[in-house]
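> Residue numbers (this note's numbering), protein chains in the order written: chain A, 98 to 245; chain B, 27 to 366; chain C, 7 to 294.
Everything labelled a hint here was simulated from the structure, so no lab data went into it.
Quick reminder that beta carbons are idealized off the backbone N, C-alpha and C, glycines included.
It is possible that part of the hints are untrue.
Derived CB-CB ranges, DEER-like [to be verified]: (1) Lys219/B to Lys234/A: 34 to 44 Å; (2) Ser187/B to Lys234/A: 47 to 57 Å; (3) Gln96/B to Lys234/A: 17 to 27 Å; (4) Pro76/C to Ile137/A: 38 to 48 Å; (5) Gly72/B to Gln104/C: 46 to 56 Å; (6) Glu219/C to Arg224/A: 55 to 65 Å; (7) Val209/C to Ser312/B: 22 to 32 Å.
Residues from chain C that keep clear of chain A, each with C-beta distances beyond 12 Å, as calculated [said to hold, decoys possible]: (8) Gly120; (9) Arg175; (10) Thr285.
Below are the BS3-like pairs computed for lysine-lysine, each with C-alpha atoms no more than 27 Å apart in a straight line [unchecked claim]: (11) Lys107/C to Lys245/B; (12) Lys234/A to Lys181/C; (13) Lys152/A to Lys256/C; (14) Lys38/C to Lys224/B; (15) Lys234/A to Lys256/C; (16) Lys219/B to Lys28/B; (17) Lys106/A to Lys212/A; (18) Lys73/C to Lys107/C; (19) Lys38/C to Lys57/B; (20) Lys181/C to Lys245/B; (21) Lys224/B to Lys213/B; (22) Lys256/C to Lys181/C; (23) Lys181/C to Lys224/B; (24) Lys152/A to Lys38/C; (25) Lys107/C to Lys57/B; (26) Lys256/C to Lys57/B; (27) Lys203/B to Lys28/B; (28) Lys245/B to Lys40/C; (29) Lys245/B to Lys256/C; (30) Lys245/B to Lys263/C; (31) Lys73/C to Lys152/A; (32) Lys181/C to Lys57/B.
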Amino acid sequence: MSENVFQPKIVAFLCNWCSYAGADLAGTSRTQYPPNVRIIRVPCSGRVDPLFALKAFQDGADGVMVLGCHPGDCHYQQGNYFAQRRYALMHRLLEFTGVESERLFVDWISASEGKKFAQVVTDFTERVRALGPVPIKRQTPALQEVSA
Amino acid sequence: MKVLTQAQLNEWLNHLAERFTLAAPVNVQGKLLYRQVDDSSGIAWGFERTDMSPKTWTFPATEPILIIEQGAETRLDDAPAPAPTVVFGVRPCDARGALAIDALFLDKEPSDGQYARHREATTLIGLACPQMWDSCFCTVVGGAPNSTEGLDLLLTEVDGSDGAAYAVQIISEKGEKLAAGMPGEEKGVSLPKPRLAKGLPTLPASQEWKAQFNETFWKQVTERCLGCRACTFVCPTCRCFDVRDEVVSRQPGRTVLQRLRAWDACTSAPYRRIAGGHNPRPTQHSRLRNRFYCKFMYYPDDFGPLGCVGCGRCIEACPVNIDILEVIAGVEQLAASGSS
Amino acid sequence: MSALEEQIRSAARQYLENGDVSVVIGYERGPKGKVRPAFVHQADDAERLVWSPECNLNLVTYLHNYKHSPRRGVPVPRVAVVVRPCDARAVNLLLHEQQIKRENVKVIGVTCAGSEVDGELRQACTVCQERVPVIYDVLVEPEQPVEVPEAQDDYGDVAEMESWTPGERLEYWAKEFDRCIRCYACRQACPGCYCFECVAEQVFPHWTSIALELPEKYFFHVMRAFHLAGRCVGCDACEVVCPMDIPLSKLNRMLAKEVEALFGYHTGDDPETLPPLATFSPEERLRL
């Protein structure tokens, strides 16, 4: 990785039943995708409270991905439908308060879509790289000399 | 007494701003707050009462008080020392508020290190009130619109030959040091008498408060309290705080944490909530009553000064018009009817 | 004394005399002339109650103080509350969320001609089409019917902000949140904010720091707005009580606009319809 290029931190919440397996498939089939993404496995996209994204931004994530099962495929029948409604509103709320909604990416990826996973992560990383660091990251200026 | 014209004062403040962090009342979108200014032009002249007290400079709403480094060995560091600061435009009541906080943090052992450093680094330049404003009641709690207590310098607006002029009273050593090299000329001036408010109640003594603790009066006063923290946050003497250790950075083998202190308020429900969810002050009624008892009984009994300086900010800030003056008057009345 | 005041007082008196309720929550005038919430326990005290455009809080918030039995063996208190049309929607919200029981609450609905903040009609009131509360036991009516404004709410203020760049919007909110002191008056005044432990104060999990910097304030306000998405009744009590005058209603109005556009839902119309985030439609595909 080049030192001079901004390396965004990306947190990805992946549903255990689909996109996590999709990421696994991307790995086992040796598909390349950027190392900026940190994966967190969750039981369902419906488990990912939009506040998780807010907290991730606060703690320094530049982008957050929530990847769940395709509509109709939810292991728990309806989790991703709820997630869809929540994130539709959270997107607009972020946009309205001045944080680019592109930083919060929600999509559906099945266990067989390893290629799509790699593609989505690559595209998203580049988009966030272009946006730059998240503006609502917690700063602790008083501590910089200590932690330096 | 030295007298400064407005131009001389501006010049002196500009000079101070170069040497110190200069804080002064600034109009921030309609609210008067003590904020850092680069020069005198940013100051909201002619203000009455600011919306927040200058407590924000000696006891910030939130600040780190300890840095903790965990690695091969654990190291504790003091938080970064505050920069030398001059707060301009402090009202006499707010300076007395700082003295009230000192009684707990400095005068009693052990003293509070970070607060002591703030007080050490801060010089308070007062601006006397020409009158008591709406909701002001400093005279009820032993203050005055031109009181010098707790201040390092006190400026009083006097009639100048052209425009405003300020008479300078030097009160402390710190103030004397700061005033060295101040422009202006020595003149014999008589300071104007501030206009006092009339019809204010008399403050009952602490044992009178004690006797009224279980009165139904408190139910009536506190029933409409929403349980927010506005009154305590705008108060120049409220000093309760919450402490939390928070991770700043975490690397393999080395974690840096900060111990953060932030204002807390006895009027909010979580203030007294303990592990398991039990709350020794379970009702809003008991919580708000505590605020008044702290100010007029517990604090003076334990630490000396009253916990109220009569600035009237809580009266203005309260969204449901809980009026501390009404409470004082009510207790006075109860005490009178009880003793007769 | 206006006709409205007389009707409110007589309703309160009747409820208290008949023993229907143990307290009536309305407005009174403080010694300095400010209007403030009043709690009337005795029928004789009903004379304290007043009504004026300055009554701009949402008294439904106080119902949370009366939703539990005070002691074992004592029934849940019965309460009467004076409401404007927007407050009445909050009654429906709390009924839907099973916070209160209909039989424990008497609603004194006031025909509303808009409420004022600092002597000026609230912006939301200038376009409000609602004059009569959606839920009431007693309706307080003026002698002359109140006119409905011609202008409908087009969310013009929100739309204008949406035309800015993200940078401009962030700058705007950073400026507004800069004054926030996290006193939580907005939360306390809101009838929809009644969590036992607020996310902003939770230690485990530790959502946000107690610090007073922009990220923490941003988190708090955005979190609160999101938790009220599809639940906010638009009473603007949060904005009215804010000691720092932060335009919080803008956040809520923006979400109300989206909720209306996406799901055709208007909070508090009735206590039965599921709010948008508590349900879904399998066919819908939203822009994400």
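> Now tell me if each hint is right for this structure.
These are the hints, each one checked on the structure:
{"no.": "1", "hint": "Lys219/B to Lys234/A: 34 to 44 Å", "in the structure": "54 Å, violated"}
{"no.": "2", "hint": "Ser187/B to Lys234/A: 47 to 57 Å", "in the structure": "55 Å, holds"}
{"no.": "3", "hint": "Gln96/B to Lys234/A: 17 to 27 Å", "in the structure": "23 Å, holds"}
{"no.": "4", "hint": "Pro76/C to Ile137/A: 38 to 48 Å", "in the structure": "44 Å, holds"}
{"no.": "5", "hint": "Gly72/B to Gln104/C: 46 to 56 Å", "in the structure": "54 Å, holds"}
{"no.": "6", "hint": "Glu219/C to Arg224/A: 55 to 65 Å", "in the structure": "27 Å, violated"}
{"no.": "7", "hint": "Val209/C to Ser312/B: 22 to 32 Å", "in the structure": "23 Å, holds"}
{"no.": "8", "hint": "Gly120", "in the structure": "26 Å, holds"}
{"no.": "9", "hint": "Arg175", "in the structure": "4 Å, violated"}
{"no.": "10", "hint": "Thr285", "in the structure": "8 Å, violated"}
{"no.": "11", "hint": "Lys107/C to Lys245/B", "in the structure": "25 Å, holds"}
{"no.": "12", "hint": "Lys234/A to Lys181/C", "in the structure": "16 Å, holds"}
{"no.": "13", "hint": "Lys152/A to Lys256/C", "in the structure": "22 Å, holds"}
{"no.": "14", "hint": "Lys38/C to Lys224/B", "in the structure": "14 Å, holds"}
{"no.": "15", "hint": "Lys234/A to Lys256/C", "in the structure": "23 Å, holds"}
{"no.": "16", "hint": "Lys219/B to Lys28/B", "in the structure": "18 Å, holds"}
{"no.": "17", "hint": "Lys106/A to Lys212/A", "in the structure": "21 Å, holds"}
{"no.": "18", "hint": "Lys73/C to Lys107/C", "in the structure": "8 Å, holds"}
{"no.": "19", "hint": "Lys38/C to Lys57/B", "in the structure": "23 Å, holds"}
{"no.": "20", "hint": "Lys181/C to Lys245/B", "in the structure": "39 Å, violated"}
{"no.": "21", "hint": "Lys224/B to Lys213/B", "in the structure": "33 Å, violated"}
{"no.": "22", "hint": "Lys256/C to Lys181/C", "in the structure": "14 Å, holds"}
{"no.": "23", "hint": "Lys181/C to Lys224/B", "in the structure": "40 Å, violated"}
{"no.": "24", "hint": "Lys152/A to Lys38/C", "in the structure": "44 Å, violated"}
{"no.": "25", "hint": "Lys107/C to Lys57/B", "in the structure": "42 Å, violated"}
{"no.": "26", "hint": "Lys256/C to Lys57/B", "in the structure": "19 Å, holds"}
{"no.": "27", "hint": "Lys203/B to Lys28/B", "in the structure": "15 Å, holds"}
{"no.": "28", "hint": "Lys245/B to Lys40/C", "in the structure": "20 Å, holds"}
{"no.": "29", "hint": "Lys245/B to Lys256/C", "in the structure": "36 Å, violated"}
{"no.": "30", "hint": "Lys245/B to Lys263/C", "in the structure": "41 Å, violated"}
{"no.": "31", "hint": "Lys73/C to Lys152/A", "in the structure": "33 Å, violated"}
{"no.": "32", "hint": "Lys181/C to Lys57/B", "in the structure": "12 Å, holds"}
This entry does not satisfy hints 1, 6, 9, 10, 20, 21, 23, 24, 25, 29, 30, 31, going by the numbered hints stated previously.
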